[in-house]
Each structure stands twice: as C-alpha cells, then as structure tokens.
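Chains as they are written, first to last, in the UniProt record's numbering: chain A, 1 to 489; chain B, 1 to 489.
Check each hint, because a few of them may be wrong.
[Stated by the list, open to error] Straight-line alpha carbon distances no greater than 30 Å define the calculated DSS-like cross-link-like pairs of lysine-lysine that follow:
#1 367/A to 388/A
#2 367/B to 347/B
#3 350/A to 388/A
#4 474/B to 474/A
#5 114/B to 88/B
#6 480/B to 480/A
#7 367/A to 114/A
#8 367/A to 347/A
#9 474/A to 480/B
#10 146/A to 350/A
#11 114/A to 474/A
#12 88/A to 474/B
#13 367/B to 388/B
#14 315/A to 315/B
#15 474/B to 480/A
#16 474/A to 88/A
#17 367/A to 146/A
#18 315/A to 347/A
#19 88/B to 474/A
#20 350/B to 315/B
#21 347/B to 146/B
FYI, nobody ran anything at the bench for these hints, they're computed from the structure.
Protein chains: 2
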Amino acid sequence: MAGALLRSALRLKPRLRPAGAERRRYSQRSEGLERAVAAFRSVSGDEGVSLGEAVREQHGRDESVHRCRPPDVVVFPRCVEEVSALAKICHEHQLPIIPFGTGTGLEGGVGALKGGVCFSLRNMDQVLDLHQEDFDVTVEPGVTRKALNSYLRDTGLWFPVDPGADASLCGMASTSASGTNAVRYGTMRENVLNLEVVLADGTIIHTAGRGRRPRKTSAGYNLTNLFVGSEGTLGILTKATLRLYGIPESMVSAVCSFPSVQAAVDSTVQVLQAGVPIARIEFLDDVMIGACNSFNSLSYPVTPTLFLEFHGSSKSLEEQVSITEEITRDNGGSDFAWAEDEETRAKLWKARHDAWYASLALRPGCKAYSTDVCVPLSRLPQIIVETKEDLIRNNLTGPIAGHVGDGNFHCIMVLDPNDPDEVQRVHEFTERLARRALAMDGTCTGEHGVGLGKRALLREELGPMAMEVMQGLKATLDPKNLMNPGKVL
Amino acid sequence: MAGALLRSALRLKPRLRPAGAERRRYSQRSEGLERAVAAFRSVSGDEGVSLGEAVREQHGRDESVHRCRPPDVVVFPRCVEEVSALAKICHEHQLPIIPFGTGTGLEGGVGALKGGVCFSLRNMDQVLDLHQEDFDVTVEPGVTRKALNSYLRDTGLWFPVDPGADASLCGMASTSASGTNAVRYGTMRENVLNLEVVLADGTIIHTAGRGRRPRKTSAGYNLTNLFVGSEGTLGILTKATLRLYGIPESMVSAVCSFPSVQAAVDSTVQVLQAGVPIARIEFLDDVMIGACNSFNSLSYPVTPTLFLEFHGSSKSLEEQVSITEEITRDNGGSDFAWAEDEETRAKLWKARHDAWYASLALRPGCKAYSTDVCVPLSRLPQIIVETKEDLIRNNLTGPIAGHVGDGNFHCIMVLDPNDPDEVQRVHEFTERLARRALAMDGTCTGEHGVGLGKRALLREELGPMAMEVMQGLKATLDPKNLMNPGKVL
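Please model the complete structure; the sequences and the hints are all you need to start from.
Encoded structure:
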C-alpha cells in the first residue's frame with residue numbers, strides 16, 4: 001500500500017538481522033551466501049563483488065521516500081555472459097536478484113526486501129550498434145538517456161523519451177517510463193524493438209530474436225513488451241534495441257496562463273483534435289507555478305498554466321503555434337508567450353524540470369513523494385479540481401505538474417517525515433487520489449511503475465483474474481521467485 | 001513450413017474422418033462432441049449452433065491458399081457471458097476453440113486442424129463506448145474496421161490502421177495487423193488500450209482492468225500486448241478499446257517513378273529523416289506497376305514507383321509535398337504528380353489496393369500467396385534486388401508491393417495449383433526469401449502473423465530459448481492446448 005510503505009519509508013535504518021525462530025534459517029542462508037560470494041568472485045574478480053556497507057546502502061534505495069533496503073552483496077558484471085553466470089549462482093543458492101541501473105526510480109523498485117544480490121549494471125555502458133539509416137541503436141544496460149543522446153550528437157538523430165532523470169535506458173524500459181514528450185513520441189512501450197534478457201536461471205533470451213530490429217513484426221508473442229514494464233521481476237535486461245528519431249529542424253516553446261483547470265485541459269484536447277503534432281504539453285497548477293516562480297525568480301501569473309513545445313520545420317512551427325495560440329485564446333488563455341531561441345526555451349523548461357526541487361523548497365527540510373495517476377483526458381479537470389480540494393481540506397502541500405496530453409499528472413507531496421500525523425494524512429490522500437483515478441477509468445500509475453507502494457492498488461485496478469494471469473506469468477518465468485521479489489505482484 | 005502448407009493448401013477437400021487405430025478415440029470424441037453440442041444449444045439456442053457442412057466449410061478457411069479445415073461445429077455467441085459459457089463447455093469436453101472474425105486472414109489462422117469448435121463472433125457487432133474527447137472507443141469483436149469508421153463519420157475522428165481487407169478489429173488485434181499507414185499511426189500494438197479476453201477455461205479478464213482506458217500505464221505486466229498478436233492461441237478477444245485520431249484537415253496523394261529500387265528506398269529514408277510526417281509511403285516494383293496498369297487501364301511508367309500520402313493542414317501539406325518532391329528529384333525520381341482532389345486520390349489508391357487482383361490477372365486461373373518479410377530500412381534495396389533475381393532465375397511470378405516506410409514488403413506469388421513443380425518452386429522461394437530477411441536482422445512476418453505456415457521459420461527467427469518462453473506462456477494460459485491448436489508455436 002502506498003501509505004504503509006510511505007510510513008515505513010521514513011524510518012531510515014538499514015534492514016535489521018533476523019532474530020528468534022528465524023535465526024537458524026538465516027544462518028543457513030548466510031552459509032549459502034558465503035559460498036555464493038566466493039563463486040561470484042571467481043566469475044567477476046574481487047573488484048566485481050562488493051560487501052561494503054556503504055556500497056550496499058547506496059544500492060538499497062532509489063529517489064523515492066521508500067526506506068533503504070540494502071542487498072547482501074552487490075555485483076558489477078561487465079558482459080551478458082557474466083550476468084548469466086552470476087544469475088546461475090544465485091539460482092543455485094536461491095538468492096534474490098535485484099537489477100540496478102542508476103537508482104533514479106520513484107517507487108522503491110531496487111530495495112532488497114529479502115536481501116540477496118544487487119546486479120549493478122553500470123559497467124555495461126557501451127553503445128553497441130548504431131544504424132543511422134534504420135533509425136535504431138542497441139545499448140548496454142548502463143547507458144543512460146543523456147549518454148545516448150550525447151553519443152548521437154553529430155548524427156542528426158535522438159532518443160526522445162525523457163522522464164526527467166538521467167536514468168539508464170534499460171531501467172526506463174523496466175518501468176515503462178515516459179515523461180514530457182510521450183504525447184508525440186510515445187513511451188518506452190512504443191520505442192523498444194528488442195531486448196536481451198537474462199532469466200532467473202541464467203538463460204539468455206532475445207525477445208525478438210538475436211540481433212533483430214525490424215520496425216514492426218507479427219512473429220509470435222510480444223515478449224519485448226512483456227519485459228518492458230516488468231520492473232525487474234521477470235529477468236535482467238542486458239541490452240535494448242531502441243527506435244531513434246530525426247532531430248527536428250526547429251523547436252519552439254510557449255507558455256500560456258488560464259483562468260481555470262478546465263480551460264487549460266479544454267485547450268489541450270482541442271490542440272490534439274486539431275492534429276497539431278505537439279511535442280510537449282505540460283500543465284502546472286497555481287501552487288506549482290508559485291513554487292517555480294519563487295525557486296527560479298520568475299514571475300509567471302499564479303494560475304493554471306500550460307508549458308508547450310513544438311517540433312518541426314520553421315514553416316510548420318509557425319502554423320502549429322498559430323493554431324495553438326488561437327485555441328488557447330478561445331479558452332480564455334492569456335499571456336501566450338513563445339520562444340524560439342535556445343536560451344529562453346532552456347529557461348522555460350528549466351522551470352518545469354525543477355518542479356521537484358521547487359516543491360521541496362516550499363518547506364525546507366521536508367521530503368517529497370510523487371503520485372502518478374493517469375486518466376482519460378476528459379476526466380482531468382474533475383480529478384484535478386477534486387484533488388486540489390482534498391489537499392486544502394487536509395492541509396497538505398502537493399503542487400501539481402502533469403503530462404496533460406496523456407492525462408497523466410503528479411502531485412508532488414511535500415511532507416515532514418517526523419510528523420506521523422502528516423505522514424498518515426499523505427498516505428490516506430494518495431490512496432484516495434488513486435481510487436479517484438480508478439473510478440474515472442484510469443490507472444494508479446502512468447509511468448513510475450508499481451514497485452513496492454502500489455501493489456494493493458494494482459489488484460484493485462486489474463481485478464483478481466488479470467492478477468492471477470500476471471502471477472501465472474511470473475511463476476512460469478521465475479518459479480523460485482528470485483527476480484526482485486516483493487515488487488509489482 | 002510455408003511450403004509444406006502451401007502444398008497441402010492446394011488440396012481443397014475437407015478434412016477426412018480418421019481411420020484404423022484412431023477410430024476408437026474418434027468415436028469417444030464424437031460422443032463428447034454430441035454432449036457438448038447439446039450443451040451449446042442450451043446456452044445459445046438452436047440458431048446459435050451450426051453443424052451444417054456449408055457453414056463449417058465457410059469457417060474452415062481464410063483468404064490464404066491454406067486448404068479448408070472445417071471445425072466440427074460453429075457457434076454464434078451474442079455476448080461475452082455466452083462466449084464464456086461456451087468456452088467452459090469446450091474446456092470440460094477438451095474441444096479445441098477457434099475464434100473467427102471475418103475470415104480475411106492470410107496465414108490459415110482459422111483452420112480447425114484438430115477439429116473442434118469455431119467461435120464466430122459476427123453477432124457481437126456493437127460499437128459500445130465512444131469517448132470523443134478522450135480519442136477512444138470500445139468495440140465488440142464483430143465490428144470491422146470499415147464499420148467503425150462509418151460509425152465515426154460525423155465525429156471528426158477515425159481509426160487509421162488499414163490492412164486493406166475489411167477485417168474485424170479484434171481479428172486485426174489477433175494478428176498484430178497494420179498496413180499502409182502504420183508508418184504514421186502505428187500498428188495494432190500501438191493502438192489497443194485494453195482487451196476483454198475469454199481464456200480457455202471460460203475465465204473473463206480485462207488486460208488493463210475492466211473499463212480502463214488511460215492513454216498510458218505502467219500498472220503491471222503488459223497483458224494487452226501479450227494478447228495482441230497471439231492469433232487466438234491464448235484466448236478469445238471479446239472487446240477491444242482502441243485509440244482514435246482526429247481526421248486530418250487535408251490529404252494529398254502523390255506518385256513518383258524512380259530509376260532503381262535503391263533510389264526509391266533512399267528517398268524514403270530521407271523523407272523520414274527530414275521529419276516529414278508521411279502518412280503512407282508505398283513501394284511498387286516494375287512488375288507490379290505493369291500489372292496495375294493493365295488491370296486498371298493506367299499508364300504509369302513501368303519502373304520502381306512510390307505512392308505517397310500526406311495528412312495535415314493545407315499549409316503543412318504544401319511543405320511536406322515540397323520537401324518530398326525535392327528529395328525524390330535529388331534521387332533521380334521523375335514524373336512526380338500529386339493530387340488533392342478526392343477523385344484522383346481515390347483512383348491512385350484504388351490502383352494500390354487492387355494490387356492483389358492485378359497480380360492474379362497476370363495469370364488467369366491461378367491462385368495467389370503473399371509473402372510478408374520485414375527488414376531494417378537500409379536493407380530493403382538489397383533484399384528486393386536479390387528477391388527479384390531469384391524470381392527471374394526460378395521463372396516465378398511475384399510482383400512486389402511494400403510498406404516501405406516500415407521495411408515491410410509483399411511478393412504476391414501467382415501460381416498454378418495444379419503444377420506441382422511450380423508449387424514446389426514457390427515453396428522453396430518463400431523459404432529462401434524468409435531466410436534472406438532473417439540474415440538481414442529482419443522478420444519472416446511484418447503483419448500477417450505466423451499462423452500455420454511460418455512455425456518453423458519462427459523458431460529460426462527467435463531461437464530455441466525465446467520459443468521455450470513462448471511455449472511456457474502458452475502452457476500457463478492454456479494448459480490443455482485448446483486455444484487454436486497448431487498455430488504460431
């Protein structure tokens with residue numbers, strides 16, 4: 001449950017050693033672990049295996065408020081064969097396997113709930129096969145989004161999926177990440193062509209066949225999209241083949257203020273209906289705009305606001321901007337300002353990308369937790385209005401920023417971890433918000449994943465039968481429940 | 001194997017009754033079948049159950065050359081509860097279940113290889129929930145592509161995926177269909193938001209939770225895309241929630257002739273690289289253009305040709321066309337002609353859509369089989385040139401048409417079913433073509449599916465480990481192997 005974990009999240013001590021009746025089992029496991037560590041060292045060398053407390057703690061948490069759950073050991077494989085050999089050892093000794101990219105997740109996905117072995121993939125950081133004419137590239141799991149785009153700098157191509165953080169691309173595949181420009185370029189689901197995966201028993205598979213990269217296929221079950229979004233619970237992603245896009249000739253950004261949430265969302269729907277191929281359309285509520293103004297010394301009107309971005313040729317941009325400006329004006333939007341130059345655009349998007357820190361700055365010393373519901377577009381005004389009323393009624397700080405073109409928005413909950421009453425109120429609020437989204441045909445998570453905190457909500461969302469199917473798939477691929485146990489299901 | 005089935009396909013007799021040692025087993029099954037039919041009638045009434053030979057034969061074949069394999073009985077359920085009740089009866093009596101949409105498939109997917117019960121879904125033909133502002137709609141499995149677009153006529157919305165045939169939308173989901181405008185709007189994989197599925201034991205699940213329709217989600221495993229492309233082997237699709245798009249303000253079509261395959265494909269890559277949001281970009285080789293000229297009394301130059309379509313505002317279309325014209329000219333393209341008026345556009349696309357019949361008209365009395373490989377864009381010139389040489393060397397008729405923006409093309413093989421030597425040469429040719437695609441990082445099927453004919457090729461394409469995972473998934477969801485047995489795996 002989001003809240004139960006939120007509560008536990010705020011205790012920051014590492015996992016305690018078991019006591020009483022569990023001691024003997026622990027001691028058996030401890031011996032198994034020792035033998036496994038020796039075997040890991042024979043595969044990866046001393047430098048590829050770490051038992052150090054600092055290293056373990058660093059790998060026991062992500063950027064969420066979920067508390068640190070360090071693994072027993074961290075391994076640093078350098079190639080898929082090594083990942084496979086290490087996984088076989090874990091399989092033999094029944095040790096949990098937790099894949100680790102950059103630790104920038106937001107749902108506690110890397111916590112070692114049952115101890116075990118963290119597979120840090122940071123040493124596998126090569127861009128392997130770039131096919132410019134085919135608009136595809138294959139990367140190792142340690143390659144981050146920014147590293148890939150920096151590699152692509154002189155090719156005229158880019159990988160657009162942008163969750164904000166400089167996450168590893170295989171980590172992004174794991175959580176089915178998306179972000180600000182999914183409305184134009186899709187999410188990881190639409191942009192992964194093939195995956196190399198090491199299963200719990202060390203078997204290496206290629207979801208679309210080794211080295212294959214057709215842009216479309218009807219060849220058998222869609223294994224690629226079974227692993228995208230599986231949050232490390234079905235296998236370790238060791239290679240991803242991704243779709244690339246031509247860098248647009250020009251980009252224009254714009255900002256526009258609205259009298260109401262409804263007016264901002266109506267504009268969004270109409271822009272999409274008009275076929276404007278908008279690249280980003282981000283909503284910020286009055287509280288978030290206020291926070292951004294303070295944090296970045298800006299002076300946007302403190303009212304519901306859209307930040308927009310257009311990609312295309314200069315000529316098509318003119319038209320896109322002019323249609324959008326007309327639509328926003330018809331909906332009572334004002335102060336429509338657009339910018340073509342890099343500097344003004346960068347300033348505008350910095351304000352949006354700093355939303356997390358701007359929110360935290362509202363209450364220094366506090367921590368933040370981001371909700372992640374997604375609903376059909378037409379339900380956005382109602383859910384945002386109700387959610388804002390809920391925040392006020394419960395005296396909570398939760399500025400709102402959202403990928404409104406997809407119906408996905410975040411309340412960045414700023415809370416004092418030492419105030420149990422507030423922690424409880426945030427817990428109850430996030431559950432109410434998720435249920436509000438479910439009642440509007442939506443989902444409790446648009447892009448962050450289920451991780452630790454949303455397992456009970458997932459069950460409500462999908463119903464017992466679909467959950468049973470998912471459990472069946474998990475049991476088929478990982479019968480010993482070694483892959484990232486305690487997550488998703 | 002494509003060829004083995006191709007050979008068997010041309011025997012057109014219905015399935016023979018078993019003889020000898022199998023007779024007793026057959027007689028036991030026959031009794032089970034009789035009891036099942038009585039139970040079907042109690043669920044669906046007499047009019048909902050057919051044992052008539054004509055009806056069974058009509059449901060035992062699709063539009064491919066695979067020979068008719070009629071089911072033992074055809075049922076016509078009217079709602080999901082009925083589908084579930086009928087499936088439970090099949091499950092109890094261990095009878096195969098074969099879902100049937102419109103029978104427009106091209107890989108023999110509806111043949112009842114082991115007899116059993118065909119579930120014709122034609123009576124479930126309602127458009128259920130249209131949400132205009134949310135760009136989504138939910139349809140029953142009997143709703144066809146054209147029926148949906150006709151329903152949407154006055155809404156300003158449309159469903160663009162267009163495989164040519166007026167297939168049912170759930171049938172299209174089953175084979176992961178796409179077609180001419182996938183380059184702009186994606187395939188069924190990208191356009192199905194949720195599915196209602198009846199599993200082999202009659203369990204009803206909703207892949208994204210009942211009634212849910214967020215545009216994106218990270219909530220658990222992607223069950224939706226596990227069933228998309230599963231060709232009826234994992235469950236019966238009884239409802240699909242689909243993404244819709246705004247009808248573009250304007251459409252322009254164009255046609256352009258090239259001195260070589262390479263020049264046509266180079267133009268395609270450059271158009272995509274330039275970020276032109278092209279809606280259709282179809283390649284026809286010289287033989288196909290010749291066939292189209294004869295069939296439709298046209299006079300296009302008999303040389304590699306691109307048919308193109310642009311969607312957008314009038315202003316953006318001007319730019320798209322002008323960029324494309326420049327690119328084609330730089331690649332030696334000539335006779336670039338574009339048309340905005342409905343009539344000229346319709347004439348142009350009629351020529352493309354008649355490709356199948358134009359090919360058949362090359363050799364009256366013959367039958368046709370379409371190959372369906374898909375390779376990375378840059379490999380297209382080589383594979384097309386080698387394939388054309390192969391056709392000539394083996395004295396075969398196989399005009400080529402392709403969705404070149406996706407790297408997917410079809411050889412429409414026209415053959416005399418009574419010439420065993422030619423049948424054998426076509427068999428060997430299609431296998432060589434598929435292996436040529438596999439050697440170029442491609443797939444044996446871009447959009448038609450595996451069905452009966454490509455099972456051995458699928459194994460070559462994916463490798464034994466990925467196949468084992470697929471078999472594991474199948475065994476989990478359908479442990480008795482009742483769902484469309486003998487297909488895909």
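Subject >> Holds or violated: residue 474/A to residue 480/B, with C-alpha atoms at most 30 Å apart >> reply: holds, 19 Å
**OP:** For the pair we were handed, residue 474/A and residue 88/A, check the Cα-Cα distance against 30 Å.
**Re:** holds, 18 Å
Subject >> Hint consistency between residue 474/B and residue 480/A [alpha-carbon to alpha-carbon, up to 30 Å] >> reply: holds, 19 Å
**OP:** Would you check the hint for residue 350/A and residue 388/A, treating anything up to 30 Å between C-alpha atoms as holding?
**Re:** holds, 25 Å
**OP:** Compare the distance between the alpha carbons of residue 88/A and residue 474/B with 30 Å, and conclude whether the hinted pair is satisfied.
**Re:** holds, 25 Å
Original post:
Can the restraint linking residue 347/B and residue 146/B be considered satisfied, given a maximum Cα separation of 30 Å?
Top reply: holds, 19 Å
**OP:** Take the C-alpha atoms of residue 367/A and residue 347/A, compute the straight-line distance between them, and say whether it is at most 30 Å.
**Re:** Measuring from Cα to Cα gives roughly 25 Å; hence the hint holds.
Original post:
Is residue 367/A within 30 Å of residue 114/A, Cα to Cα?
Top reply: holds, 26 Å
**OP:** Starting from residue 367/B, check that the Cα of residue 388/B is at most 30 Å away, please.
**Re:** holds, 20 Å
**OP:** Measure nothing beyond the straight line between the CA atoms of residue 146/A and residue 350/A; if it is 30 Å or shorter, mark the hint as holding.
**Re:** Holds - the C-alpha atoms of residue 350/A and residue 146/A are around 16 Å apart, at most 30 Å.
Subject >> Holds or violated: residue 367/A to residue 146/A, with C-alpha atoms at most 30 Å apart >> reply: Holds, at roughly 26 Å.
Original post:
Are residue 480/B and residue 480/A close enough, with their CA atoms no more than 30 Å apart?
Top reply: holds, 24 Å
Checked against the numbered hints above, the structure breaks none of them.
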